[in-house]
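Trainee: Go ahead and model the full structure; you've got the sequences and the hints to work with.
If you're matching positions, the sequence shown starts at 8 in my numbering and goes up one per residue.
One or more of the hints may lead you astray.
List of simulated lysine to aspartate or glutamate pairs, DMTMM-like, C-alpha gap at most 20 Å [what the hints assert, rightly or not]:
| hint | residue 1 | residue 2 |
| --- | --- | --- |
| 1 | 549 | 569 |
| 2 | 391 | 418 |
| 3 | 558 | 746 |
| 4 | 386 | 497 |
| 5 | 549 | 738 |
Quick list of simulated restraints, FRET-style, between CB atoms [to be verified]:
| hint | residue 1 | residue 2 | range |
| --- | --- | --- | --- |
| 6 | 426 | 675 | 28 to 38 Å |
| 7 | 765 | 615 | 34 to 44 Å |
| 8 | 617 | 452 | 18 to 28 Å |
| 9 | 643 | 784 | 51 to 61 Å |
Note that these hints are calculated values from the structure, not bench results. Yeah, the Cβ is synthetic: ideal placement off N, Cα and C, and Gly gets one too.
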Amino acid sequence: MAPRGKRKRKSKKKGRSTGRLSRLRQLVAGFLFGRPLDEEVSDRLQEIKGLILIGASLWLLISMISHHAPIDSPDAAGHNWGGQAGFWFAHGALLAAGWGGYLVALLGLAWGFVLLARKEVAWPSLRLFGGVCFVLCASFLIQLGIGPELSAEHRIVEGQDGLVSPRFPYGPGGWLALVCVQDILVPKFGTPGLWILLTLLLLVSFTLATEMAFYPAIQSLAAWARERREKRGEGLGAALLRWFGGLFTGLWEFLSARDLEPADQTPAAPRAAAKRAAEPAGEEYEEDEYEDEEDEYEYEDEYEDEEDEDGYEEEEEEEPSECEVVPAPRRRGRAEVSSVTVGTLSYETPTPPRGPWTFPPLELLKAPGGSEAVADDLKVAATKLENVLRSFKVESEVVGAQVGPAVTLFELTVAQGTRMNSVTNLSQEITAALKAQSVRIIAPIPGRSTIGIEVPNKKRRIVRLRELIHKRAYDRSFMPLPLFLGMDAEGTPVVEDLSRMPHLLIAGTTGSGKSVCINTILASLLLTRSPHDVQMVLVDPKMVELQMFAKVPHLLLPVVTDARQASNVLNWLVEKMEGRYELFKDAGVRSIKAFNALGEEKLREKLGEHFSDERTPRHLPYIVVVIDEMADLMMVSKKEAEGAITRLAQKSRAVGVHVIVATQRPSTDVITGVIKGNLPTRIAFQVASKIDSRVILDAMGAEKLLGGGDMLYTPPQTSTIRRVQGALVEDEELQAVVDFVCGDSAPTFNQEIIQCATGTAKPGAGGAGSGPDDPLWVEAVRVVLKTRRGSASLLQRALSVGYTRASRLIDLMTEEGILGDHRGSKSREIMITLEDWEEQHGLPADLANADE
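Mentor: Here you go:
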């Protein structure tokens, strides 16, 4: 009997050899019979196929290059670099296709490099068919260009007009073209018609063989013509060279097996120290128009339809702006999507507009690419789906699949009369059959009669913020507050306008991507909007999540970390909202966009005597409030926080105040029904249970998410739920953007809101002391009783005092019985008339009349 140690060593060696043999068998079976393989074996098999194809193509190419001697020469094969076999293969290719035979080797090299790069070649049979058609069309065009000098009756005639040679015995077009073109095709279609037909077929077959798209070439040609028309100083030769470069962008992508890197690197201009000198002017903008013009905000139209580009530029000339938009470099168009497709988009880096405020260059962000989504074999997965449903007596057919960054969406139809819930009830069985982490079933897909099943990819693609930002993002008329959220399951960028949401609720467990989403939102605003356009209020009870933004010039006050101070800040924002409504009422406008479009001349005309050079604002910035952890705020001051957030969510859209609330504990005591009802747009990351998902979305599904930025999103003005892979902004990218934005611009905090937050009034900030002894006490009471409105913002504008002093005067009027108690969203009740108050305090009649 052998010792135990030897037996163990033998068994281990046998196990290793068995494993190698098993992988070798899989490799051979997959290569010969196309059987499904695991990922490692499949990658190796694809590399082997690529190497074989490259080697065979190179061998055929050198054989054709060295093919000089005629057939009947005794040393014909000896002079060929490919040997006898290479001689006969080259002779056959050149005999049949002429010069087109070289295209066979070149296409083989291209396909080989694609396989070697581990890029999936969709529909290989279609690619092969396109390659054959491309070679034939090229040969026919060559023969057509030669003309009728060679006909079918002239076979091997050496030296005829230089067209026939030992290498091309039937001419440069080959035997097939010699027989077909002049004798068959030209009489049928005519020479001009045949030129058009063959050129069209050549382009179509080239597209089928290489996945090249011609739309980028058309785009670049249009951009070239526009730039030439505007006399931007580019020479004709350089423009033509750039246009021809854009013609082959699709082919380069096919060969390189990766997204194109941005070609234009625009250096950042030095930050100008001067502040904005001009204010935007335009026509009055009504709220109803703002709600109806939804097509203006469709992000997909930016990549599918550029017909309104000229009109857009003219609109910019009519409405002067401090930040002039500079045209961006060309963008590649969106690729066609077949029934089974991988949804990917590539972008060139747009150029931020130049002006008094310098926007951060996009080169600070990491470029996309390098990690494409990898899904299971789509045909195999589709067959498994159909089989598992058939085993439960549900007849179905997969009609399409789209590979997104994180999941693949399979679209299937079921037999007539089959109930939708018969598929949704099989969620666990489908998950087990596909060996997936989880699957999500959409029954039915909105707007269609099919069912969608989202299956996680084997390898997820990282969505970078840089690839989502496009040129029109810098245009305030396109989106006042653009948020670049990520990509959906179809590979379409998800970009929304916060002013349309108008408020956002974000919830998810720790590590699900909630904090990264908030960073992405803030980075979106910092990259595309100046402090003149947007101001921020950040509430961070955790003290660490938002401290990176503590010095950005967009802040109204330092990052709030105390929950009690946060309640005071929210109450100040409510008063600010009411003050803006008062201003809009006097100006006769209904929205912040309409107010900012007035300009100083129209504003002075509308306000009349109420216009003040010192106190009347000519431009109102949007205010974005971000509350990172709502749970802490509700624990400390639930009543005050809930009331203030509710009032802001109900009324603040028109005045440009927008609230973003985030929490990692989506329970009903944190996200109450009142708060949730006023936050229509919601983002749910991975949560622990179905109950939490229903609290956020009023639907289940968030518990099945994958984490790491995978989210469910309900767009504004709709109840449809979209699956989105959130954009990733790493800490070093965010720090680079913040450092650039800060630069030499320090934040200018609003002392009024700081005093309100801390509950203290600095000397001189509010003027003299307030109360019955305040010199403005009598005047303040008269203003309130005359207008019959008890509002601190009213006193601020009427008396030119700070918020702290005006609020104190309102509180003292309540203590004196002049005003009633605070009643939530309703204004305070006026308890006495002006005449009665004057009579009680014995004011002289002449003083009263003088004031009146």
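Trainee: Has the given pair, residue 558 with residue 746, been kept, meaning a C-alpha gap of at most 20 Å?
Mentor: Holds, at roughly 9 Å.
Trainee: Given a hint of 51 to 61 Å, does the C-beta separation of residue 643 and residue 784 actually sit inside it?
Mentor: Taking Cβ atoms as reference, residue 643 and residue 784 lie about 34 Å apart, which means the hint is violated.
Trainee: Do the beta carbons of residue 617 and residue 452 sit within 18 to 28 Å of each other?
Mentor: For residue 452 against residue 617, whose Cβ atoms are near 55 Å apart, the range 18 to 28 Å is violated.
Trainee: Is it true that residue 765 and residue 615 lie within 34 to 44 Å of each other by Cβ?
Mentor: 37 Å, holds
Trainee: Assess, step by step, whether the Cα of residue 386 is no farther than 20 Å from the Cα of residue 497, and give holds or violated.
Mentor: At roughly 18 Å apart (the allowed maximum being 20 Å), residue 497 and residue 386 satisfy the hint.
Trainee: That 28 to 38 Å hint for residue 426 and residue 675 (C-beta), does it hold up?
Mentor: Hint holds: Cβ distance 32 Å, inside 28 to 38 Å.
Trainee: Given the hinted pair residue 549 and residue 738, is their Cα-Cα distance within 20 Å?
Mentor: Distance ~17 Å between residue 549 and residue 738 Cα, so the pair holds.
Trainee: For the pair supplied as a hint, residue 549 and residue 569, is the alpha-carbon distance within the 20 Å limit?
Mentor: 9 Å, holds
Trainee: Is the Cα-Cα distance between residue 391 and residue 418 20 Å or less?
Mentor: 14 Å, holds
Comparing the model with each earlier hint shows violations of hints 8, 9; every other hint is respected.
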